[in-house]
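All chains, please: the whole structure from these sequences, using the hints.
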Amino acid sequence: MPPDLSDEGLASLAIFGVGLYGFGLITVGTALLVTEVILPAVKEVEFGLPSGYRMATAVSSREEALRDEFDRQRGDLELCAQLLCDDPVIALRLLEAAWAKAAAVWKGPVTPDIRTFVICQLVDLVDLHLHNAGRIRAPSAGGSLLTALDGPERTAVVLRDFAGLSPTQIAVITNRSVDRVRADLRTGNAKADAQRETP
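So the sequence shown is numbered by the numbering used here: it starts at 574 and just counts up by one.
Hints are computed from structural coordinates only; laboratory data are not their basis.
If you're wondering where the values come from, they're calculated on a predicted model, not measured in any experiment.
Note that the Cβ used here is the ideal one computed from N, Cα and C, for glycine as well.
Derived DEER-like restraints, expressed as beta-carbon distance ranges:
1) N748 - D641: 29 to 37 Å
2) E637 - R759: 38 to 46 Å
3) N705 - D644: 23 to 31 Å
Here are the computed lysine to any residue pairs in the SDA-like style, where the Cα-Cα straight-line distance is at most 25 Å:
4) K680 - F643
5) K674 - V662
6) K764 - D734
7) K680 - E669
8) K680 - T741
9) K674 - C693
10) K674 - S739
11) K764 - T741
As structure tokens, this is what we get:
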């Protein structure tokens, strides 16, 4: 049929056009809303395994990474423990406890940097062991060069010469002033040199 070109027909066509235009705007607005608001939220929902399983897997992976790092550092840390504690069996037990304690509270990435933190725990445990055993590590004649040193000197020398820590790091680990640590290093090295020169 031919279009109605009367005034009423033109008005109806105009209303119909405005309605189509409005419907188009609503459709475009809805599409934008879905794209900008709903889809990003959907992207954050992970499909697949339950979140508890993913968390357990992440914890298991971290524990495995910590075990691997400990295995890499074990020889170095065992020697450090034996230099700090004369009894090798107790030294190993204290090292295992130090690593377990460090692994439980270490929040950083699993890198070789955890070594200093483990040594810090180890020093605390060695001191606690000696205190609980009712003795203070005192110098003794004979044995290694370290046996000639008292407790703070021995700790400072081992941490400086073996572990490669700075006096500032040693001061933090041993809860002593930097000047006191430097004095321990001086006297400890002097005693070790004197022990070395003794026939």
